[in-house]
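Number of protein chains: 2
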Amino acid sequence: MSDHKKPEWFDPNNQEGFASSLKPGVELAADRNKGSTSKFVKKQDASVSVQELKKGILSGDRARLAKGITLIESNAAHHFDFAQELLHSVLPHTGRSIRIGISGVPGAGKSTFIETFGSYLCDRGHKVAVLAVDPSSSINGGSILGDKTRMEELARNPRAFIRPSPSEGTLGGVHRKTRETMLLCEAAGFDVILIETVGVGQSEAIVRSMVDFFMLLVLTGAGDELQGMKKGIMELVDGIVVNKADGDNVPLATRTKSEYNRILHFLQPATKGWAGKAYTCSAITGKGIPELWDVLTDFSDTTKKSGVFQERRRMQAREWLYSLMDHQLKRMFYKNEAIKELLPILENEVMSGNKTVTAAVKQAFQAFMDTLK
Amino acid sequence: MSDHKKPEWFDPNNQEGFASSLKPGVELAADRNKGSTSKFVKKQDASVSVQELKKGILSGDRARLAKGITLIESNAAHHFDFAQELLHSVLPHTGRSIRIGISGVPGAGKSTFIETFGSYLCDRGHKVAVLAVDPSSSINGGSILGDKTRMEELARNPRAFIRPSPSEGTLGGVHRKTRETMLLCEAAGFDVILIETVGVGQSEAIVRSMVDFFMLLVLTGAGDELQGMKKGIMELVDGIVVNKADGDNVPLATRTKSEYNRILHFLQPATKGWAGKAYTCSAITGKGIPELWDVLTDFSDTTKKSGVFQERRRMQAREWLYSLMDHQLKRMFYKNEAIKELLPILENEVMSGNKTVTAAVKQAFQAFMDTLK
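Residue numbers (this note's numbering), protein chains in the order written: chain Y, -12 to 360; chain G, -12 to 360.
Looking at chain Y on its own, in the form it has when it is part of the complex (with noise of 0.2 Å):
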């Protein structure tokens, strides 16, 4: 579809409503200069590049890899569509990984597990992507992942891909991206993707809604940290990973997982059929790794045997759709330029009481709906 075919309403430039500070223009000059980008922005070949990237994809190599995420991240329209149809192409390809969200916050230690658990892997012949929904991104340019140097040693392994957060947008924007660079990395033959995330705002809920696993990272002392950790992300979680169980600090992590146990206890389990359970382990040692992996490879085989594990996908597809949907509605509505200098006005009326919230609706949508016809 080109981009006068497009509805002006639909502006996957600014798809999530987030303001983009790049120009499409700015953005294909910057591209063009990156060399060879500017191969699959030329319109006349774009059936042809998505054919490349795609089979680029397929067989593993990993600068076509990036190549297609960032496309899914970039903001100017023709990119869009290059994307959606690279994405529609390797589809049937993607799907074959456990997802594994693992969150906790700053300073229990992400990146050092990251970067132990991820290596394990790889020594096992898995194949890991870490990517990250980073709800602050937005706001300094990107704190978690970006900075590659904390991951050094799995950064370099040939078997693992690292991506930072997209830094640009709003959580929706961010949460769009996150999910179809993970299908493309699962084209590109990665079984293992790791998606980090900060405990802050909603971004637990996102990343809940597209992992298959959601472990929690914490640092030993139940008590205390419970105490400032959100609300609700105890009933998200299908396992506590007690980190740091190095040295004098162990006696203490084993009483902490006794602790987080007992609370586990007494929850709604997130997964159906799957009893969460807190474990240690030391990112430092290496001790605990391959067991949290069997806890891992068990829930896989448990949750598929059952059919929770594909019924999960299933209707994570389906919440995404409507969450996607209602949310392009709203800009729809919100960004129509009657709606846009009507509402001031009506909103003004209602506050001060000249008009009631019903009459206000319906004038609006009247006037929503005269610019439609």
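It cannot be assumed that every hint is accurate.
As the list makes no split between identical chains, a pair holds if one copy fits it or if it spans any two.
[As the list claims (entries may be wrong)] With a straight-line Cα cutoff of 25 Å, these simulated DSS-like cross-link-like pairs (lysine-lysine) come out: (1) K291 with K259; (2) K274 with K292; (3) K291 with K264; (4) K274 with K264; (5) K41 with K360.
Since the hints were made in silico from the structure, they are not lab data. None of the values given here were measured: they were computed from a predicted structure.
Chain Y is fixed; fit chain G onto it per the hints.
Then chain G, alone, in the frame of chain Y:
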């Protein structure tokens, strides 16, 4: 606005998404049987009747008030228009009350409390309207305030007006009807509005969004009760009333009060500049009831002086505007014939992994816009 001028997507009969069991004709016939109601459903003299009804309500005529509320609660299109016209005409006479939300688990003694509290206020010259938001009413046809005998004394009081929860509709519909009923009551001179709710589902948040002061009625023995209490409710309250502080129960009630005070002390106040506290009272002996009214008067004075009272009312009106608008927006889209037909197909394609969510959303909006051309 006559029926045929209404765009088809704006369906006041079903405005809150509930499936009405009443056909407009049936409703009309039923109203005719009630006698005078039939007078104002005839369109030719609608403006006269609005004036008549308005006059009656402003003079405090209870029969006219009841009729106005019946119109607000009606699911028939012409009743809807009539009710909106009526509401608009009395709007300048609304808002001059204190709106008090009263929540508490079943068994906390809400009816007895309202009976005693309401009677006390009537004796002091106030006019008290008692409404209800009952999330269970759509299931069992109204469980709270439905049995008027529970408040026999208050129901007989000429200064009191008791109206059970609208028995039909989703919580969204009940929400609108209760808000608009509250406005009519204010126009009829009721200066204390008590809105009762059962602490179930979303009802407390909805009641909180329409009242000035939110009161939680509790039983003695805070610890046990808190376990079963909905999370987040403590953050909504302006005051906690430990009921049944009579006889042997007094020491326990006093202890319970302290326990709740300790909890409240740790929470952010629900109303800026007002530190919520716990109080004891007995609906049987009446002890503590005058003091409770003093608290409410103090609340009203304090928040009006600081402007918090007025600002909250303005914000409540604004939030209600957006909440109803979003609701209507979803109705417009999801009830569209093209969307109703297309969605199951898209859902299936997305759930089986044959289409990306982004592409599905784009397709749905294209189809929706095509129907509006």
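Here is what the structure says about each hint:
no.	hint	in the structure
1	K291 with K259	within (11 Å within a copy, 51 Å between copies)
2	K274 with K292	neither (29 Å within a copy, 63 Å between copies)
3	K291 with K264	within (19 Å within a copy, 51 Å between copies)
4	K274 with K264	within (17 Å within a copy, 51 Å between copies)
5	K41 with K360	neither (42 Å within a copy, 37 Å between copies)
In this structure, the hints that do not hold are numbers 2 and 5, in rising order.
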